[in-house]
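These protein sequence lines map, in sequence, to chains A and B.
Going letter by letter, the first sequence gives residues 1 to 402 in the numbering used here.
Going letter by letter, the second sequence gives residues 1 to 402 in the numbering used here.
Keep in mind that a hint or two might mislead.
Claimed, not checked - In silico DSS-like links for lysine-lysine, alpha-carbon gap of 30 Å or less:
no.: 1; chain 1: B; residue 1: Lys25; chain 2: A; residue 2: Lys362
no.: 2; chain 1: A; residue 1: Lys140; chain 2: A; residue 2: Lys170
no.: 3; chain 1: A; residue 1: Lys358; chain 2: B; residue 2: Lys26
no.: 4; chain 1: B; residue 1: Lys296; chain 2: B; residue 2: Lys376
Hints were generated in silico from the structure; no laboratory data involved.
Number of protein chains: 2
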Amino acid sequence: MFKVVKGGITAPKGYKASGIACGVKKSGKKDLALIFSEEPAKVASLFSTNRVKAAPILVSQEILKKYQTIRAVVVNSGNANACTGKDGLSKAKEMVNLVSNLLKLPYPNVLVASTGIIGEPLPIDKIRRGIKKAVKNLSKEGSSDAAKAIMTTDTFPKEIAIEFKIDNQKVRIGGMAKGAGMIAPYMATTLSFFTTDALIETSFLRQTFQTAIDKSFNSITVDGDMSTNDMSVILANGKAGNQEIKSNSLWAKVFKEALEFTTSELAKMIIQDGEGATKFIQIEVRRANSIKEARKVGFKIANSPLVKTAFFGEDPNWGRIMGAIGSAGVPINPEKIDILIDTLLLVKNGVKANFNQKEAKKIFKKKRINLIIDLKRGKEGTVIYTTDLSYEYVKINSAYRT
Amino acid sequence: MFKVVKGGITAPKGYKASGIACGVKKSGKKDLALIFSEEPAKVASLFSTNRVKAAPILVSQEILKKYQTIRAVVVNSGNANACTGKDGLSKAKEMVNLVSNLLKLPYPNVLVASTGIIGEPLPIDKIRRGIKKAVKNLSKEGSSDAAKAIMTTDTFPKEIAIEFKIDNQKVRIGGMAKGAGMIAPYMATTLSFFTTDALIETSFLRQTFQTAIDKSFNSITVDGDMSTNDMSVILANGKAGNQEIKSNSLWAKVFKEALEFTTSELAKMIIQDGEGATKFIQIEVRRANSIKEARKVGFKIANSPLVKTAFFGEDPNWGRIMGAIGSAGVPINPEKIDILIDTLLLVKNGVKANFNQKEAKKIFKKKRINLIIDLKRGKEGTVIYTTDLSYEYVKINSAYRT
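Bound conformation, chain A alone (with noise of 0.2 Å):
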């Protein structure tokens, strides 16, 4: 149905984007990236749920009040201007106004993002320079600078694009993110941005984008944990010249799909760079009463330090798997539960299985497991992704900012 081809977000028509180093960050790394679309793009965005929100997303959540469509995004990296108050919010202000300037558009229809850390105030001197080098740096090439741009903790860019037809005609999505140092719990800040040449209705985009980043980003954060900053956008400039992909068309199936191959493969990539992560783990969780069940349930175990150090130590301590189960607020039966990893039972209606332990020690060993949990409630059920709790972790975690 679709193809992975190179490159990132300015893989589809109409997009260019650069990435540069400004000196925000100590290193000398690359921390100011630009994504700019030629045409106004009609947009979809989602924004951290955190009381405590970063100035960048106040800001760029009153531009999307104000225009219907988007020329452009910044990001900076290396800083999350956060708890910054006035100066902060007049400096993510000025980023837009610069960028807007600079690239001589009608209207600041710009948006702005931030990740870093919080809490100190943001160098706008080596803002103004980078943001100067980045739109001279503008180019169909730029996707992978930009990717490396928005990098934290990350160890290696993350972008995808992907190539399908609607209506005969070849489209484009492209994406790129920055990585949630931790996963799954408090505080990862995760960015992540995409482009299409699809021509789309505004209403069918947002649907579908909400859906799609459901079912990734937000199958790897919990809801109402977001960090300070956290920020997901869609520009869609309809260059490809397909007809208009609307809810109820034909296409409309082909795009959801395409979509949500783009965004769920971006948060893979973020688990699989998880702080200190040595295991990918994938929870299924079955037959619970609602999807809202199932999430209680999979991130209680996803979260809990105790199953996650288990994983790191590669040893198959389902009890702290059920303790987890148990205490995840949802009113299941403990003599319903099965347990199993990769296809073999551990638990079986709430008691241990008879498996070989053996057997279970060589799957706790392998890189991937997956984790499936049947709750025989319902019909509902959810993917969650995470990852083990190990020595690096705590080591990049107390290391951050000192």
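Keeping the supplied structure of chain A fixed, place chain B upon it in accordance with the hints.
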């Protein structure tokens, strides 16, 4: 008002105890404790709210439905007898009956508790031999052996006894606890047992015990995140010969304060002995709209791995604290938040205060840190205790079983 005296659960009149090794722990360390009251004792108790409840919890709850008084409590460590199905239930019942028979009690009004690995069959032969030995070893001096026998990953036994006067009559409360390996969140099995020789009305005993546990053991563990085996029990045998303490009597306040001191001291010992803990962190949440709200904010901070690792790294990274506050699910106004460390103001109205970085570093280097969060919303507050998150924690928990 009261003084700390030597000993633990056998300090009050009319109690004996013992703690012996019966081989459940492979290390050969003590693993079976017995508490015996010479007279039928009134009882108050609190159990895990986990949906997955260990067999001893279920059996003890049944006993408490049948009998108004309790004569003994038997506790094993090394095996939780949880997720063990019918086999586990019948073994927990056998423990009750065996203690009752050997002590020649008229009724099997005996409670049972277990802690240790989940999901492995309880080695009942060893337990049987152990109970016989424990009954033989019962003595007035047995409290510290009992405190040792309930330990799992604890590095020191936890017991306390205090004395005070009711109606000019000396009254004592004794207690022992088993550490939550992991402090604050998931699966920290905490067992605590208290004895008193006070003559006290059952309804008042229950009400006071609930409050005392809420302010101590329930302020170090998230509600609803309890392990499969948590249990807190107090026995009151009335042997002190005091005028009966009732909720409206003059002595109610004295007993309440004495009990709250006892439970808090033991709860703090658990924090001090947290797995891999290098810091004792007290989180005081001020001016919330309700205690529930204050607890939500306090526990969100206490359980945030990013905040905990920052404390371990001795890094005054208050942005992580702001992020945790904002994601606690309480509609706080970020522009009103103040954060203090000891007496140093780090954040004023949601923005970095003008503090001396060196001074902040110095406070973060201390072993005991007081964190104060002022929400400026209402009139309620709470205090939560927690630890940092260290390499050692990951080590202990990834290697716990294997």
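Consistency of the hints with the structure:
1. Lys25(B) - Lys362(A): Status holds; Cα separation ~26 Å.
2. Lys140(A) - Lys170(A): Satisfied, since the Cα-Cα distance of roughly 18 Å is no more than 30 Å.
3. Lys358(A) - Lys26(B): Distance ~20 Å between Lys358(A) and Lys26(B) Cα, so the pair holds.
4. Lys296(B) - Lys376(B): 15 Å, holds
Comparing the model with each numbered hint stated earlier shows that all of them hold.
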